[in-house]
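2 protein chains.
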Amino acid sequence: MEVPSFSSLEFNQNRSLQEQLQQYLTEWICSGRLVSGTRLPASRRLALELGISRNTVTTVLEQLRSEGFLESMPGKGVFVSAVLPKDIKGLPQVRWTKKIPLPALSDFGEALNQTPLSEHSQILPFTPGMPDLAAFPKKTWLQIQRRHQDRIPLMGYQGGQGYTPLRESLSEYLRLSRGVRCTPEQIIITQGAQQAISLCAQILLNEGDPVLVENPGYIGARKAFQARRSELIPCPLGANGIDVDLICNDKIKNAHKAKLMYITPSHQYPLGGILTAAQRLKLLDWASTKNTWLIEDDYDSEFHFYHKPIASLQGMAEQTPVIYMGSFSKTLFPALRLGYLVVPEALAKVFIKAKSFMGGESPLLTQAVVADFINEGHFVRHLRRMRLLYQDKWQHLNTLLSDELSENVKPIAQSAGMHLAIEIPYVNDSKLKEAFNLKGYGSSALSSYFLDKPSKSGLVLGFANTTMAQREEGIRVLKSLIKPVK
Amino acid sequence: MEVPSFSSLEFNQNRSLQEQLQQYLTEWICSGRLVSGTRLPASRRLALELGISRNTVTTVLEQLRSEGFLESMPGKGVFVSAVLPKDIKGLPQVRWTKKIPLPALSDFGEALNQTPLSEHSQILPFTPGMPDLAAFPKKTWLQIQRRHQDRIPLMGYQGGQGYTPLRESLSEYLRLSRGVRCTPEQIIITQGAQQAISLCAQILLNEGDPVLVENPGYIGARKAFQARRSELIPCPLGANGIDVDLICNDKIKNAHKAKLMYITPSHQYPLGGILTAAQRLKLLDWASTKNTWLIEDDYDSEFHFYHKPIASLQGMAEQTPVIYMGSFSKTLFPALRLGYLVVPEALAKVFIKAKSFMGGESPLLTQAVVADFINEGHFVRHLRRMRLLYQDKWQHLNTLLSDELSENVKPIAQSAGMHLAIEIPYVNDSKLKEAFNLKGYGSSALSSYFLDKPSKSGLVLGFANTTMAQREEGIRVLKSLIKPVK
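Chains A and B, in that order, are what the protein sequence lines are. At position 159 of the first sequence (counting the first as 1) the number is 158 in numbering that gives the first Met the number 0, and the numbers step up by one without a gap. At position 177 of the second sequence (counting the first as 1) the number is 176 in numbering that gives the first Met the number 0, and the numbers step up by one without a gap.
Bound-form chain A, shown alone (with noise of 0.2 Å):
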């Protein structure tokens, strides 16, 4: 057999040497371009060939002998393993040369693949769902990471449930703020409001249960449905977000199967509207009379300029149906990765478990970082100021809409918080939100959070993360985009 030239092979500085031969050799073989019987150079010529030392050349073929890719018959040489291609008939020119089709995935797999890959939110101006990343007080965050970032303790486990003084401190805000009936016992800490969903879908829902959701809604809960592949059951909004009537009224075809129901009842995603206390009643009644589980995504009920959110659903009685839920991302911001879930006590050693099998625990420095935020009252007095300043940011966003595009634009000022939906009729609006985005604005289309033909066109504009000249600036070229079709 002839042997390939070794004196081609490129060595760089990076790495030992004996790694890099280690790796040609061991490709060399598999690809078949050395042969099994081949007989290998003496160590001596090798090293010379290669310009590296002997004793890494000998090293390398005891490490592939002992692999069995080679073997030393003695007086003779090394030569390639015969095993090898006798076990596996022909196989450096047949299978392992080409591509191998690759086995069929699962069903959901195969649906997953026919949908489009979402884009991911880039950090621009008016970007949806970002808070003013610039306002958030590094300073006393990175004061309290140093008091924690040295203790050894947090770099292991603590268990999935999530960092205990997090939970504690959690409840308390929770308790006060929200109106939420909790014990650090029902907090399980998530990564992010994305696995909080998933999480429920995995187990409340069987595949292909019915689950009624608000229309237009939040598509990330409806990603996460599908992904259970549930039936989703859309219902319109009424004044005040989902519209609570239609429901309890059985003029949704379907509602009454429902075996979940997924709300935002304090600041309804994308519109606004805060369901009053009576609604929420109803729809208590209704779901405990129907069997539904209701899961209350507490959206952005920090952010009210008009009104404080009313107190949650979830603890409008001992114990309720309600999973509640909430995330930090923007409370605090995207990247952190946390998010909550509050579950009936009964319910919490089944999402510990569930959560252990799909992803483990979240950092602990984070967890206890956070911890230390929200129990030294900074998390309370950010949310204050950034109402604050998203309130005046919000006016002068208003103030520019209606100075400028008046004519065309009907802003839905109930959404308001970190967003503004604005109508805008007779548009393309996916086409309008890529054209802005040309521009270097991000944007939502009002379209793409209706689940069947949509009954309104526009964006969901993302102002607190924007600055004065980027909504002034941002404004214009919006204004330039838009063609009046009346």
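Hints listed in this document are in silico derivations from the structure and should not be mistaken for laboratory results. Hints may contain errors.
FRET-style restraints, in silico, Cβ to Cβ [to be verified]:
no. : chain 1 : residue 1 : chain 2 : residue 2 : range
1   : B       : K138      : A       : P152      : 15 to 21 Å
2   : B       : L388      : A       : S71       : 32 to 38 Å
3   : A       : E9        : B       : L388      : 29 to 35 Å
Here are the simulated lysine-lysine pairs, DSBU-like style, with alpha carbons at most 30 Å apart [said to hold, decoys possible]:
no. : chain 1 : residue 1 : chain 2 : residue 2
4   : B       : K430      : A       : K348
5   : A       : K138      : B       : K137
6   : B       : K250      : B       : K455
Quick look at which bits of chain A chain B covers, simulated, 3 or more residues with Cβ under 8 Å [claimed, not checked]:
no. : stretch
7   : 60 to 73
8   : 146 to 152
9   : 341 to 350
Since this is a predicted model, take the numbers as computed values, not measurements. Heads up, the beta-carbon is just placed ideally off N, CA and C, and yes, glycines get one too.
Following the hints, position chain B against chain A.
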């Protein structure tokens, strides 16, 4: 209607009187303590009774009115709203003062409910899987972190696949040191190894699909498959890890039906063993013939003392039906919660989509720090240092075992890396583990790694995170606990 005494309300200093009063009144109304039609005292009187300003009282009453809890009748006063109880008959008495039975869980949730809650790994001497946390180069780590911690883009989102520079440095590391064939586009950053396996289960398995697993083997993987309600097919081990011949010669019932196989070929968990190149090729051949996915968990490949691990199964041909996975929990530290998958190019998108449904992306700052840690050579240096350190600890532990426990204990040398599996014949290892735990030491029972009747009893001792004194004291304690049966 009689009005309860408001003077019993207690206010604390920690948050605004307004919030507290609002919460009290809402609770009283919801709980039926203040039934509808009740007339509230005039705001001036209420303020006096409560000892707070009238302004605060009127603000709260106005808020509750706007939420529909109260209604004002001109000239008559403010009343608890009549709308609530009319719509929801008899609500306060019947439903909302007691617990409502909860709706059912999913079949998965019910099944999970029946399983025991596994304890989390406490950081004790000998807890398996725990690296030497005190030896971690924290200073270097924090230096890198300081460079990144003020970067605002790292507070937002960057996409579910993972931070690009991390995928770049990781792909280079995996190519060079593990022979993995990959580009950054094939890498998916996950929340530890557990999410990696869970994603594979979702994307590659339908509910109930058979899965081949090593026996004894890694419990976390089995749990992820069981969450998908997979039928687990146990495969015994041979001298070098999973018994490839048994599989390929059709000696394992239903093995040919397996949709997926989970293996730790570089260092079988928990007993050690490295599949030879010939066995690997044979397995690849079998998998491609049977259309079976292989999940290659490259567990602990970094800490071999006998031989260097051979290159990955994934990299043995241009395209293999292999999903390669690893994590930074052992090479850096567990609380990082970072793992990775290398998937065939054609599958990258479906994995990114599934991940975005299950929990979204991993914290960006952490990813940025790990990227630089690898890029600047700290990672490889750290691994080299740990390899030497762990080898010393292992040798010390071996000496102790042969000096103190040679009669009852047989160390399984090839298991060594960060743990040592020791066989202790005729012992109830679960009880031994518990007794050892009561003395303040971690360990796992060897029998717990078996799917069916255990063929071995003993303990798995993680020695990486032990000091010399802990090893000495620990083995003395262990000796006192093992009661020879013979």
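Hint check:
For the hinted restraint 15 to 21 Å between K138 of chain B and P152 of chain A, the CB-CB distance of approximately 19 Å keeps it satisfied. At about 33 Å, the CB distance of L388 of chain B to S71 of chain A agrees with the hint of 32 to 38 Å. For the hinted restraint 29 to 35 Å between E9 of chain A and L388 of chain B, the CB-CB distance of approximately 33 Å keeps it satisfied. For the hint linking K430 of chain B to K348 of chain A, the alpha-carbon distance of about 24 Å falls within 30 Å, and the restraint holds.
Between K138 of chain A and K137 of chain B the alpha-carbon distance is near 21 Å, which keeps this suggested pair within the 30 Å criterion. For a cut-off of 30 Å, the pair hint linking K250 of chain B to K455 of chain B stands: about 21 Å separates their Cα positions. For a cut-off of 8 Å, the count of residues in the stretch 60 to 73 of chain A with a CB near a CB of chain B stands at 5, and the three-residue condition holds. Here the stretch 146 to 152 of chain A counts 4 residues with a CB under 8 Å from a CB of chain B, which clears the bar of 3, and the coverage holds.
Figure legend: the stretch 341 to 350 of chain A, annotated as covered by chain B; annotation consistent (5 residues with Cβ-Cβ distances under 8 Å, at least 3 required).
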